[in-house]
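Chemist: For reference, the chains in residue letters:
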Amino acid sequence: MSGAGVPALRDPPWVRHVLVGGMLLFLAAFLGLPLVLVFREAFAGGWATYVAALTEPDARAAIRLTLTVAAIAVPLNVVFGLAAGWALTRFRFRGKSLLVTLIDLPFSVSPVVAGLMLLLLFGNQGWFQPLVQALDLKIVFAVPGIVLATLFVTFPFVARELIAFMEEQSVDPEEAAFTLGAGGWRTFWHVTLPTIRWSLLYGVLLCNARAMGEFGAVSVVSGHIRGLTNTLPLHVEILYNEYDFSAAFATASLLAVLGLVTLAAKAWIEHGHGQARRS
Amino acid sequence: MNAIVASIGTAAPRAGKRRRHLHPGFGLTFGITTAYLGLVVLLPIAAVLLEVLGMSAREAWALATSERALAAYRLSFGLALAAAAINLVFGVLTAWVIVRYPFPGRRLVDAMIDLPFALPTAVAGIALATLYAGNGWLGAPLAAIGIEVAFKPLGILTALVFVGLPFVVRTVQPVLQELDPVLEEAAATLGAGRWLSVRLVVVRQLMPSALAGFTLAFSRAIGEYGSVIFIAGNIPYVSEIAPLLIVVRLEQYDYAGATVLAVAMLLISFLMLLLINLAQRWNHRRGRGG
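Quick note, the sequences are listed as chains A and B, same order.
Read in order, the letters of the first sequence correspond to residues 11 to 289 in the working numbering.
Read in order, the letters of the second sequence correspond to residues 2 to 291 in the working numbering.
It should be emphasised that the hints constitute simulated quantities derived from the structure, not laboratory data.
Among these hints, one or two may not hold up.
To be verified - Derived list of chain B stretches under chain A, where covered just means 3 residues or more per stretch with a C-beta under 8 Å from a C-beta of chain A:
1. 53 to 64
2. 101 to 108
3. 220 to 232
4. 253 to 261
All values reported here derive from a predicted model rather than from experimental measurement.
Idealized CB from N, CA, C, for every residue including glycine.
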């Protein structure tokens, strides 16, 4: 925090108090209280109810599915992110800025629309329906559809992070390695990867949080089959709509813990590893 | 998401040229990038666009401009705009306070700003719905003074403010950190009062980034679904947002209706992207000029 400047500190105390107080009130109403409420409601029925809600078969299936989807989506995004980072920051070519814009595209598409797109491709009257049928696959209203929807919405996270970081990086160490005769892979593993690892981890954290928490896109393609195609967020919705609030919030608290761990890890990377918030 | 936020901040033009000819692997990495982009993002987008092109124009127009659809756009865009405006004001305030005023728990507050990026939207949705319900912690006192939040458009606004909260803070904060307090000091020395010097120096410098954050929050709010549907009430013509109307159409197996709505929303989102890029360019020019 570099800017704790002299003029600001000379602002009259009442101004400072009003501004700090106003901000804290705003954040309490929109961030603090909802978070506290999740845990309060989760444990409102007692510890036994909480454990029961998380260990019943449908909840366990939802946890398994959410972990599976993230375990597929995150590594794919890592491979793509590394490739995009290398291609877009180590070479010049025409259409580069267009490519960067396209990588951001999923951020401006409503998750619901993302789900709809997959229905149009793989649904009953979809483009690829003949192929899907011929191969006897099930994509929408099944796990592959959920994975595809998750891939769409998490697409930019790792790549954007790496592109922004690698763009600022000096390429001299890599060039030195090439000059000394190291090949591309060796240089990547021993020179590039160690320097981008925190940035990569940062992208992975955000990507993972979104992959595990995605609701809209997954909801459209899931079919909501309990025990089969319900991820944790969808399970939360079902329980909530059945007025089973303590179970809904118990499940939600798992996701809230995921969010808090993500935030803590983010802060740790930002403050502890020179990975300051890039500007 | 921080990435776009960061890239919009104050990406300074890099000094020096790079010799890239030594780097191998362009074919492989470029191939992976474009193939993956094509399959995961562009193919689905093409599907939805071509689906609309396959319809008769009149039919598509009729579906896109039905009374219910128009009400949904009005609600979505109006509330997204209002939420982004609230986030603009409180985002600049929050960034200012976090950067300039030391107060206990500043690091914790700073870390918590990103909660809406990390907390799944469904969790936020049920938490906000419970919090602002008539018998909720905040809903009850508000109801006592005659303000109903949950299951009203005001509830939707609340959810949209939540999801858009980090954007303005995170675009403004790095600019404010880089901003030399000496400038304010200088303005003050030249006879400007504190409020005037803040307005002259700070507000002008922060405008582009605040605007970029505003656009991001707006664009996010338009498409938001998960955090809204629990608190919205979802009454057609009154509290039914555009993404929800798409889901409603899908549940009626009205794929044509859903697709037309989706494309209408996509077009507007592309417009948003364009605006973001313009704001970014403006930011750059100002950065270089000043």
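Chemist: All hints, please: hold or fail.
Modeler: Status of each hint after checking the structure:
1. 53 to 64: That given contact is violated, which follows from only 0 residues of the segment 53 to 64 of chain B lying within Cβ reach (below 8 Å) of chain A.
2. 101 to 108: With 6 residues closer than 8 Å to chain A, the segment 101 to 108 of chain B meets the three-residue bar; holds.
3. 220 to 232: Satisfied; 8 residues make the cut.
4. 253 to 261: holds (count 3)
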